[in-house]
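Student: Below, each chain spelled out in residue letters.
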Amino acid sequence: MTVEPTPASPTPEGGHLLELRDLHVEFRTNEGVARVINGVSYHLDAGETLAVLGESGSGKSVTAQAIMGILDTPPAFVRSGQILYRGQDLLTSSEEQRRQVRGKEIAMIFQDALSALNPVFPVGWQVGETLRQRSGMSRGDARRRAVELMDLVKIPGAAKRIGDYPHQFSGGMRQRVMIAMALALDPKVLIADEPTTALDVTVQAQIMDLLADLRRDLNMAMILITHDLGVVAGVADRIAVMYAGRIVEHADVRSLYKAPAHPYTKGLLESIPRMDVRGQELSTIKGLPPNLMRIPSGCPFHPRCPYVQQVCVDVVPHNLVLGDGRTSACHFAQEVRDDSAR
Amino acid sequence: MFRYILRRLLQMVLAFFGTTLIVYALMFAGQGDPIQALAGERPVTEAQRAYLTEKYHLDATGVGGFFYRYFDYVRSLLQGDLGQSLTGRQIGDILQAAWPVTLKLALIALAVAIIFGVTAGVVAGIRRASIFDNSTLVLTLLVLGIPTIVLAPLAQYLLGVKWQLFPPTAGSQPTFYALLLPGIVLGSLSLATALRLTRTSVAENLRADYVRTARSKGLVKRRIVTVHVLRNSLIPVVTFLGVELGNLMSGAIITEGVFNIPGVGFNLFRGIRTEDGPLVVGIVSVLVVVYLVSNLVVDVLYAVLDPRIRYE
Numbered sequence: 001m002t003v004e005p006t007p008a009s010p011t012p013e014g015g016h017l018l019e020l021r022d023l024h025v026e027f028r029t030n031e032g033v034a035r036v037i038n039g040v041s042y043h044l045d046a047g048e049t050l051a052v053l054g055e056s057g058s059g060k061s062v063t064a065q066a067i068m069g070i071l072d073t074p075p076a077f078v079r080s081g082q083i084l085y086r087g088q089d090l091l092t093s094s095e096e097q098r099r100q101v102r103g104k105e106i107a108m109i110f111q112d113a114l115s116a117l118n119p120v121f122p123v124g125w126q127v128g129e130t131l132r133q134r135s136g137m138s139r140g141d142a143r144r145r146a147v148e149l150m151d152l153v154k155i156p157g158a159a160k161r162i163g164d165y166p167h168q169f170s171g172g173m174r175q176r177v178m179i180a181m182a183l184a185l186d187p188k189v190l191i192a193d194e195p196t197t198a199l200d201v202t203v204q205a206q207i208m209d210l211l212a213d214l215r216r217d218l219n220m221a222m223i224l225i226t227h228d229l230g231v232v233a234g235v236a237d238r239i240a241v242m243y244a245g246r247i248v249e250h251a252d253v254r255s256l257y258k259a260p261a262h263p264y265t266k267g268l269l270e271s272i273p274r275m276d277v278r279g280q281e282l283s284t285i286k287g288l289p290p291n292l293m294r295i296p297s298g299c300p301f302h303p304r305c306p307y308v309q310q311v312c313v314d315v316v317p318h319n320l321v322l323g324d325g326r327t328s329a330c331h332f333a334q335e336v337r338d339d340s341a342r
Numbered sequence: 001m002f003r004y005i006l007r008r009l010l011q012m013v014l015a016f017f018g019t020t021l022i023v024y025a026l027m028f029a030g031q032g033d034p035i036q037a038l039a040g041e042r043p044v045t046e047a048q049r050a051y052l053t054e055k056y057h058l059d060a061t062g063v064g065g066f067f068y069r070y071f072d073y074v075r076s077l078l079q080g081d082l083g084q085s086l087t088g089r090q091i092g093d094i095l096q097a098a099w100p101v102t103l104k105l106a107l108i109a110l111a112v113a114i115i116f117g118v119t120a121g122v123v124a125g126i127r128r129a130s131i132f133d134n135s136t137l138v139l140t141l142l143v144l145g146i147p148t149i150v151l152a153p154l155a156q157y158l159l160g161v162k163w164q165l166f167p168p169t170a171g172s173q174p175t176f177y178a179l180l181l182p183g184i185v186l187g188s189l190s191l192a193t194a195l196r197l198t199r200t201s202v203a204e205n206l207r208a209d210y211v212r213t214a215r216s217k218g219l220v221k222r223r224i225v226t227v228h229v230l231r232n233s234l235i236p237v238v239t240f241l242g243v244e245l246g247n248l249m250s251g252a253i254i255t256e257g258v259f260n261i262p263g264v265g266f267n268l269f270r271g272i273r274t275e276d277g278p279l280v281v282g283i284v285s286v287l288v289v290v291y292l293v294s295n296l297v298v299d300v301l302y303a304v305l306d307p308r309i310r311y312e
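So the protein sequences, as listed, match chains A and B.
All residue numbers for the first sequence refer to my numbering, where the first residue is 1 and numbers rise by one.
All residue numbers for the second sequence refer to my numbering, where the first residue is 1 and numbers rise by one.
Think of the hints as simulated: they come from the structure by calculation, not from any bench.
Backbone N, C-alpha and C fix where the C-beta goes; we use that ideal spot for every residue, glycine too.
Check before you lean on any hint, since a few could be wrong.
[To be verified] Straight-line distance between alpha carbons at most 27 Å, and here's what the computed DSS-like set of lysine-lysine pairs gives: (1) K104(A) with K104(B); (2) K104(B) with K162(B); (3) K188(A) with K221(B); (4) K286(A) with K258(A); (5) K188(A) with K154(A).
[To be verified] Which residues of chain A face chain B? A partial, calculated answer using Cβ under 10 Å: (6) G69; (7) G103; (8) A107; (9) L117; (10) T284.
Construct the entire structure; sequences and hints are all you get.
Tutor: Structure (structure tokens):
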């Protein structure tokens, strides 16, 4: 199988900071094999933000966990593919090498900070633990640095709160603790796995602003995993849309919002309620996401697609490279895009 | 926390009166003639009968008389006087001799449960579905399935009599070595429960989200398990062991009976068998206090171990 190029931005000299090539991950369970990731390729360059968009079960979080090397094996198995960080394939690296990358090069924050933090240790201890264990800092130094980090993520009264436990914080503050912990070792890449899903709408905006500011100030690259189109628009440079473990569309934010070139993306955008049109019925994508143990033949989106033709049932669409460096895995990408542009 | 403990102590006063009242009532309700029971087979003269009736306030009859005698008993109990058993010994002296033996036995049993049960439970939890895990599951099921009344004589016969590895009975002044086999037998039940509890708890915590976070911080596996997972997994185990120590302290009637250990359970059983009302009520009253206090200690310990628990 040929490796699909990911042409949405030109390859910089020395290669991409992080690049996934044709990643396949499956979950082997007693009920059968679920193909969770089916040939995902994307890349990330220094200082940019890539949004990975998709509904639950589309494989966006699993992809991130595969990058971190924190998939639970079993049931998850990486079947094939490459994850290149600074040109080095993480999948063929030793566990010790991968451990060194975790936190120091690539750090991750999770959806539900309450369960992601250890309930029985104070937050300052948990932030400091990374420093003590990974940088060999003394207790006192780690403590001081933890306060600095908690100040950095704008936790009010950080010095007083480092002895508090996770359950004593509000949802937003907890996510800030999570972020402080991820930033401890100055990572080059930050993976944010639905960082605002568990939060109130007002707090969501604050956390997104904080992440965007931190990314810029610390000059990190960020992978933002979300199912919320609203969250993406202001923050991301590029978007990769995932469906059934594949990337179905990959484009820069502006042109994707303007004219989506995949029926799934189009459906997602049309299902956002609009403030400027009154009395319009909200459109939805009919049907359900596919069962990953029985992914439909051809294009996995065909049972739900308004553009469906016989070819969609028979042939798996390859990534069609559209003019301005976008790709779309749809047989009718150009048509969809032209429709959308109208 | 302080107010919580105070409230619990007040509740304990109520529980103490309630249980002693019930035990007192049950023990004396069934008796026909307490004076005859005291004398046993010998005849009782009129003068003796009059003296004893006077001494134990047996002239007051009915509910009023019962409560009169109960409060009379409680009054001396609160003054630290447990009274005399029907054999004429001070119950306080009996308990003073029996308790250290029971405590030693309980600590041996608890040590067995911790050293073997918790350790094996941690290993089984980490290596779920391995040969080790499955064999411990079968073994613990076996131990839990065999009642002590079978296990104790079996161990006594095989290890004590046949192979003579341990003394088969303890005797009046038991040494540590003599208490070892009974301690292991007594502890095997706690061991099996502790093992299963630890295993489940460790296995569950290994799947927790905070473990994923710890891995993404780049911590070594050993630290994730020994610090993050164990600290969480052992909360229910420590709680269980605390309650279990309270149970073990109240004596093991069967084990102490089989191995002839002069502990609390042994004396309690003798009291029940010989219908020695004062002895039974005396021991049970003290057991109630031990049990209530150990439960309070466990509840406080639970709050110390798990910062999410707050008592108001």
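Student: A separate judgement is required for each hint: does it hold in the structure or not?
Tutor: Hint by hint, here is what the structure shows:
1. Distance check on the hinted pair: K104(A) and K104(B) sit about 52 Å apart at the alpha-carbon level, beyond 27 Å; violated.
2. A hinted pair counts as satisfied when its Cα atoms are at most 27 Å apart, and K104(B) with K162(B) qualifies at roughly 26 Å.
3. Between K188(A) and K221(B) the CA atoms are separated by roughly 23 Å; this keeps the pair inside 27 Å, and the hint holds.
4. With a C-alpha separation of about 23 Å, the suggested pairing of K286(A) with K258(A) holds against the 27 Å cut-off.
5. Proposed proximity of K188(A) and K154(A) is supported: the alpha carbons are some 21 Å apart, at most 27 Å.
6. At its closest, the beta carbon of G69(A) sits 8 Å from a beta carbon of chain B; the interface hint therefore holds under the 10 Å criterion.
7. Annotation: interface hint on G103(A) holds; nearest CB of chain B at approximately 4 Å, less than 10 Å.
8. Interface restraint check for A107(A): the shortest CB-CB distance to chain B comes to about 7 Å, inside 10 Å, so the restraint holds.
9. A cut of 10 Å between beta carbons decides the hint on L117(A): the least distance to chain B is about 6 Å, and the hint holds.
10. Checking T284(A) against chain B: minimum C-beta separation of about 31 Å lies over 10 Å; hint violated.
In this structure, the hints that do not hold are numbers 1, 10, in rising order.
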